[in-house]
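Asks: As they're listed, the protein sequences go chains Z and B.
Using UniProt numbering, count along the first sequence one by one with no gaps and you end on 315.
Using UniProt numbering, count along the second sequence one by one with no gaps and you end on 315.
Treat the hints as calculated values from the structure; they're not laboratory data.
The structure displayed is predicted, hence computed values, not measured ones.
Be careful, since some hints might not be right.
[What the hints assert, rightly or not] Over the 12 Å line for every Cβ pair with chain B, so calculated as not near, a few chain Z residues:
(1) D42
(2) R60
(3) V281
(4) D305
[What the hints assert, rightly or not] Label pairs and their computed distance ranges (CB to CB):
(5) B:L118 - Z:T286: 44 to 50 Å
(6) B:P97 - Z:T183: 30 to 36 Å
(7) Z:S302 - B:P97: 36 to 42 Å
(8) B:V242 - Z:G9: 28 to 34 Å
(9) B:D103 - Z:G231: 27 to 33 Å
(10) B:A98 - Z:G306: 23 to 29 Å
(11) Z:A238 - B:G32: 47 to 53 Å
(12) Z:V277 - B:D61: 56 to 62 Å
(13) B:G32 - Z:E280: 26 to 32 Å
(14) Z:S228 - B:G146: 37 to 43 Å
(15) B:R60 - Z:D278: 55 to 61 Å
(16) Z:A19 - B:R284: 36 to 42 Å
(17) Z:P22 - B:D3: 45 to 51 Å
(18) B:G146 - Z:D237: 34 to 40 Å
Quick reminder that beta carbons are idealized off the backbone N, C-alpha and C, glycines included.
Listed below, chain by chain, are the residues.
There are 2 protein chains.
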Amino acid sequence: MPDSVGELGEFGLIGAVTARLPQGPDVLLGPGDDSAVVAAPDGRVVVTTDLLVENRHFRRDWSDAADVGHKAAAQNLSDIEAMGARPTSLVVGLGVPADLPVDWAVGLMAGLGEEASLVGASVVGGDVVRSPLVVVSVTALGSLDGVPPVTRSGARPGDVVAVCGRLGWAEAGYQVLSRGFRTPRAVVEAHRRPAVPYGAGREAAELGATAMCDVSDGLLGDLGHVASASGVSVDVDAASLVVAPQLREVASALGADPLAWVLTGGDDNALVACFPVDVEVPERWTVIGSVSAGSGVTVDGSAYDGAAGHDHFAG
Amino acid sequence: MPDSVGELGEFGLIGAVTARLPQGPDVLLGPGDDSAVVAAPDGRVVVTTDLLVENRHFRRDWSDAADVGHKAAAQNLSDIEAMGARPTSLVVGLGVPADLPVDWAVGLMAGLGEEASLVGASVVGGDVVRSPLVVVSVTALGSLDGVPPVTRSGARPGDVVAVCGRLGWAEAGYQVLSRGFRTPRAVVEAHRRPAVPYGAGREAAELGATAMCDVSDGLLGDLGHVASASGVSVDVDAASLVVAPQLREVASALGADPLAWVLTGGDDNALVACFPVDVEVPERWTVIGSVSAGSGVTVDGSAYDGAAGHDHFAG
Chain Z
1 MPDSVGELGE FGLIGAVTAR LPQGPDVLLG PGDDSAVVAA PDGRVVVTTD LLVENRHFRR
61 DWSDAADVGH KAAAQNLSDI EAMGARPTSL VVGLGVPADL PVDWAVGLMA GLGEEASLVG
121 ASVVGGDVVR SPLVVVSVTA LGSLDGVPPV TRSGARPGDV VAVCGRLGWA EAGYQVLSRG
181 FRTPRAVVEA HRRPAVPYGA GREAAELGAT AMCDVSDGLL GDLGHVASAS GVSVDVDAAS
241 LVVAPQLREV ASALGADPLA WVLTGGDDNA LVACFPVDVE VPERWTVIGS VSAGSGVTVD
301 GSAYDGAAGH DHFAG
Chain B
1 MPDSVGELGE FGLIGAVTAR LPQGPDVLLG PGDDSAVVAA PDGRVVVTTD LLVENRHFRR
61 DWSDAADVGH KAAAQNLSDI EAMGARPTSL VVGLGVPADL PVDWAVGLMA GLGEEASLVG
121 ASVVGGDVVR SPLVVVSVTA LGSLDGVPPV TRSGARPGDV VAVCGRLGWA EAGYQVLSRG
181 FRTPRAVVEA HRRPAVPYGA GREAAELGAT AMCDVSDGLL GDLGHVASAS GVSVDVDAAS
241 LVVAPQLREV ASALGADPLA WVLTGGDDNA LVACFPVDVE VPERWTVIGS VSAGSGVTVD
301 GSAYDGAAGH DHFAG
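Chain Z extracted, bound-state conformation:
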């Protein structure tokens, strides 16, 4: 096999990257035609898309190809989870420089496929084009299987706010990597591959969650979206937030505040949801706050004076 994607050409590369993609039961027509056909059993399809650009959303010297594939898939699958839906499939647009090793493109697709397979979803199609830098576009589809979608706009005063998944870990990993370190491994790995709490979105929907959001811009930023869409205020109880010993250690070494990472760090793809107060939230969810009449997000009753969420245009 040629070493670079330029030598292999478009159709050769498409063949190489789609060769071993397993197709799950929701796939009615897989890769290789003008379009794919996927089951949408209840007559609705959930759809979300994200674009990842090299040196902005990932660095090839920080993450290997499979890491980038896992991350690109995970952040889309998480947006499907956040509606209470079950991911069924992904399509991928891949922009590659001519000198990109074929192995890198193949590794990326393998990572995408592996992450998708964690939830039984399949990579059903894509597009490969030449680009001066690596660009990965992922669109995920999902099925609600009869449940109503959980939006950002249904939170009501009196609801409790709960989180499922890790917070602050990806930010800790980013801070470590950006200072030239490669350890501690746990936080670096968290930056490379988010650990999405798969299944928790559907679980929350079935428990009657009133609103839900994927935490990709940071807890306070994403709760701000929920507060704004729902026309409510949200207060976070700082003492209820889990600040893992690993984060404390890294923050201590770097002279940083680990609670700020938990409150504002992005890219962990945790889920945050609002539940009626009488719902007994399952163990993997942690109640971290409450919803009131009003607007905006507070921490322990006050405006938080750290950075509120991260804008992908900043930095």
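With chain Z held as given, fit chain B onto it using these hints.
Replies: Using the frame of chain Z, we list chain B on its own:
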């Protein structure tokens, strides 16, 4: 409003580009949440994706923002048509340099929305990120409304081959633009905005088309995909191909062969389909060849010695 997307920021830009996107009847939940929800009335969804990279798939000095939006939408909607499906929705990933005028991004989204509205489809979601050059990722969804998908693999010996839509026009426009001219306007416009024969894909499916393909890589290249997927050979009758006077004029001025543009030019997004011989093809379809046992594509019984299709990695 700030002049550049860098000044406006991610959330501001998202607001600006999604402000006036009309939502059609298939949209159950539109832009603004983690994901959108779209109707898939027969329990299946058709999905396709394309990635357009500045200076490879479009040039900002050749096409205005609305042109790029129209083209990005059209080439995806055409892939939905080519399955016999009806487009319902698009999601868009947009990579923008900080110095990109806000008007350009807004114009792009307006072009996308206008093209989608030609078929009653809606832009239901997207992602906006910073990128050193403009990147547009479009994913289109469609509904089969109970008809079976028309794939590339069903052509049978004895079928006739028919084409609907223009061929060679986008290539003629490209040749004109690449020599620094801006006229004739008709071919330049064809390069900027393909004229997809909307509705013809469903029409072909209902008439019993055995195979169908969008002509994006060039007629011979795309017929090669059909021949290969179906395990048949296809012969094109050159005399049956329409070579419009406008193409003859441009080719004459440039010393080129207009038939070569018709046979191998890409990006017109015509449809080519195979039909059982007893089907009376509607007037907008032109019978251009036939299917036999064997393999490969010929023109008037012989291998074509021009360039066979275009590889998006070339040039």
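Asks: Compare the structure with each hint and give your call.
Replies: Hints, verified against the model:
1. D42: violated, 8 Å
2. R60: The assertion about R60 of chain Z holds, with a minimum of 15 Å to chain B.
3. V281: The assertion about V281 of chain Z holds, with a minimum of 20 Å to chain B.
4. D305: D305 of chain Z clear of chain B: closest Cβ-Cβ about 20 Å, beyond 12 Å.
5. B:L118 - Z:T286: 44 to 50 Å: About 49 Å separates the Cβ atoms of L118 of chain B and T286 of chain Z, which means 44 to 50 Å holds.
6. B:P97 - Z:T183: 30 to 36 Å: holds, 35 Å
7. Z:S302 - B:P97: 36 to 42 Å: Roughly 38 Å apart at Cβ, these two residues keep to the hinted range, so it holds.
8. B:V242 - Z:G9: 28 to 34 Å: holds, 31 Å
9. B:D103 - Z:G231: 27 to 33 Å: holds, 32 Å
10. B:A98 - Z:G306: 23 to 29 Å: holds, 25 Å
11. Z:A238 - B:G32: 47 to 53 Å: For G32 of chain B against A238 of chain Z, whose Cβ atoms are near 29 Å apart, the range 47 to 53 Å is violated.
12. Z:V277 - B:D61: 56 to 62 Å: holds, 59 Å
13. B:G32 - Z:E280: 26 to 32 Å: holds, 30 Å
14. Z:S228 - B:G146: 37 to 43 Å: With a Cβ separation near 40 Å, S228 of chain Z and G146 of chain B satisfy 37 to 43 Å, so the hint holds.
15. B:R60 - Z:D278: 55 to 61 Å: With a Cβ separation near 56 Å, R60 of chain B and D278 of chain Z satisfy 55 to 61 Å, so the hint holds.
16. Z:A19 - B:R284: 36 to 42 Å: Holds: the Cβ-Cβ distance is about 38 Å, inside 36 to 42 Å.
17. Z:P22 - B:D3: 45 to 51 Å: Distance hint for P22 of chain Z, D3 of chain B holds at roughly 48 Å.
18. B:G146 - Z:D237: 34 to 40 Å: With Cβ atoms ~52 Å apart, the hint is violated.
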